[in-house]
Structures are given as C-alpha cells and as structure tokens.
Amino acid sequence: MNCAGCCSIINDNDYHTCIKCNDSYDYSCLNISSKDDFRIAEKNKTNWLCPGCLSKQPKSDNTNLPARPSTPTGLADITFNSRTRPKVQAKQDTVIPSNKTSDYVSRSEIGDIIRAEIRSAIHDSIGELNYSINSRLSDLQEQLSTFQESQNFLSGQFDSFRGDVLTCMKDNEILKSENVRLRSEVNSLNNRISNLDQMSRATNLEIQCVPEHRSENVLSIYLKQLFSLKQLGNVVKYPVNEKDIAFCSRVAKKDNSSTRPRSILLKFTTPRIRDCLLAAVLQYNKEHKQEKLTSSDLGIDDKKTPIYVVENLSPENKQLHAAARLRTKELNYKFVWVRGGRIYVRKSESTEAIYIRNMESLKKLV
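Numbering (full-length UniProt numbering), first residue to last: 1 to 366.
Accuracy of the hints is not assured; some may be wrong.
What the hints assert, rightly or not - Derived lysine-lysine pairs resembling DSSO-like cross-links, with alpha carbons at most 27 angstroms apart: (1) K304 x K254; (2) K254 x K237; (3) K286 x K347.
Unchecked claim - With beta-carbon atoms standing in for the labels, derived distance ranges: (4) S150 x K170: 38 to 46 angstroms; (5) N234 x S257: 34 to 42 angstroms; (6) N332 x L196: 17 to 25 angstroms; (7) E360 x T259: 15 to 23 angstroms; (8) A353 x Q290: 20 to 28 angstroms; (9) D255 x L196: 21 to 29 angstroms; (10) T167 x L189: 25 to 33 angstroms.
Think of the hints as simulated: they come from the structure by calculation, not from any bench.
Glycine is no exception: its CB is placed at the ideal position from the N, C-alpha and C atoms.
All chains, full assembly: derive it from the sequences and hints.
Shown next, in the form of structure tokens:
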C-alpha cells in the first residue's frame, strides 16, 4: 500500500485511512512524531478524514481542527500526485509535503507564530522609532549646543556691556559732581567779574533822554555852554566845574531801531563827585515832583523833555534791573532803585528793602 501524500510504500501500521475516500497517509506526512500526537492519532483513527475531503466539506465550526499554515516551513518539499484514482480526481490540487514534516500546525504554534510576528513588528517599529528619536535628539543636542554657545557669548557680551555701563555711570557721577563744582566756580567768577565791572563804573554817571543833534560834539557843547552846567549845578544845588569831568560821550544803542536818544556818559574824576551830583539830582526830583529835571534846565533845548540821571550799570546789572522792574510791577511793589551799583526793591513804605542779587532772588519775591 502506497502513501497518498509521498507515494512511498507503507510497511507498518503507522498510517491513517480516510473514511470517505479510503486514501492512506503515513504518520510522517501527517506530522505525527511525538508520543502525545501518536496517542491522539490512534484514538481518532476510526473517523479520520484526509485533507482533500476536509476541504470539500461545508464550512462549520472547525476551530478544533488543524489548519494549513499561511506559508510553508523551510523543510517543506511540496509535490503533486498525478496518479490518483478517478473518484478522488480533486486531490490533484492538494499540496502534501514530501518529507517527514507535516503541513499542519496546532493552535499553540499559530499563537507562537503570531506572537513572534508581533514581537518582530514591534521590535522593528521600536528600532525605527529609536532611530528617529535618536536622530531628532542628535539634532536637538546640536541645536542646544549652538544655543548654549550663543547664550554664553551673549552672556559674556552682557557682562562686558554691564561693566561698561557701570563704569560710565561712575564716570557720569564724577562728571556731574565736577560739573556742579565748575558751575559754582563759574558763577562765583562771573559775580566777581560783574562786581569788578560795576566797581570800575563807580565814577560814571548816565544822563538819559537828552535831545540828540546830528554831528554834535558833546564835550564841545558842554564846554561852550559851561554856564548851562553851572546852571544845572545851581538847579540841583551842587556846582559842577569843568575840571571835575574826565570823560563825556554818548554811548551806542542796544536797539538801533529805537527812537530814544543815546545816553550821555559822564566820567568824573572821583566817585565822591559822582555820588554828590547824583544825590543832588535825586533830592531835586523829590522836592519837585510836579516839575522834575528837564532839558530846558540844562539849556539844551527850549522844549521841555524829562531828563534822567542814573548810575552807569554793567550789562548784567542793566538786564537784572529791567527784570526787577517787570517783576515788581507784577507783584505790586512800589519802589525799585539802584544804590552803589546794587538793585533794591521795596513793596511799601513800611516794609524792608530787598537786595536783588540775581535772577534767583527775583523768583523768590512774593
């Protein structure tokens, strides 16, 4: 008797015969090798069906039957039986292994195969994922390294810049204190220069609003009209002699567009003469409030125009005097005067005089 699977002669009882087609298969083709498989095969020997007949049966619950694997094993040597009986012609399509291994696997083997495939797939996926993660981590590490280098560079630059800023701040504080000191010294020097300038004018006197004529020589006019000067001295009750005058001239205008005549500058030989003449003029104007000193009193013009005799102030004091007049007018101060090159103000007859030293003194007035 020949095996329907491998076509070899069956010499012993280790075979199964299909109860439907009567084909016989040895245990080697049925993959029955262990003792457990042998006992199971002997038990099911009387109702055994071959693979060809099993494939022709209607589909039913056959979960307990062996199944053909999806792929043949490495030991499988598949052949086709061309010499079959007419009644089992359909068995030509049945694939039977030609060696001693079986073409069927159990459920446990299927589970092992599935688990192995899953483990292999997971292992491959994990490998790919690890490679991708390692690649990204490598890129991130390079970026972090570059960022760290940039941060270290910026940190160094910031520390350097901070040190420079601190140095500049210290230098700035030193320069500020030096500037304050220099400003104080400059103000002190300016005050001293202004005082010296004012002291150099101690013998000077200004006569303002005296009518002016073209091509006049002030000194020749006063020399020719010496009797007018004597008359002025007689008017203010302080006689003026020619020898008491060291210099006489008109001074330039600060504003050329002004129609006011240029002032006449008189320089006396001594400050005492200047002070006495100025005091006499002030006393005369005080006594003659309705008819103060005019040009007709000097014998210069028949038309009466007010004449003002004042101290010759330095440019700084002139500016301060003008500002003091405006400020006291706003605050309703009654008196503003100059004495010895210094500017004083008084709000009323009953208040004390206030010495105006500079612009800051004006700001303090109330």
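Evaluation of the provided hints:
{"no.": "1", "hint": "K304 x K254", "verdict": "holds, 25 angstroms"}
{"no.": "2", "hint": "K254 x K237", "verdict": "violated, 33 angstroms"}
{"no.": "3", "hint": "K286 x K347", "verdict": "holds, 19 angstroms"}
{"no.": "4", "hint": "S150 x K170: 38 to 46 angstroms", "verdict": "violated, 30 angstroms"}
{"no.": "5", "hint": "N234 x S257: 34 to 42 angstroms", "verdict": "holds, 38 angstroms"}
{"no.": "6", "hint": "N332 x L196: 17 to 25 angstroms", "verdict": "violated, 35 angstroms"}
{"no.": "7", "hint": "E360 x T259: 15 to 23 angstroms", "verdict": "violated, 35 angstroms"}
{"no.": "8", "hint": "A353 x Q290: 20 to 28 angstroms", "verdict": "holds, 26 angstroms"}
{"no.": "9", "hint": "D255 x L196: 21 to 29 angstroms", "verdict": "holds, 27 angstroms"}
{"no.": "10", "hint": "T167 x L189: 25 to 33 angstroms", "verdict": "holds, 32 angstroms"}
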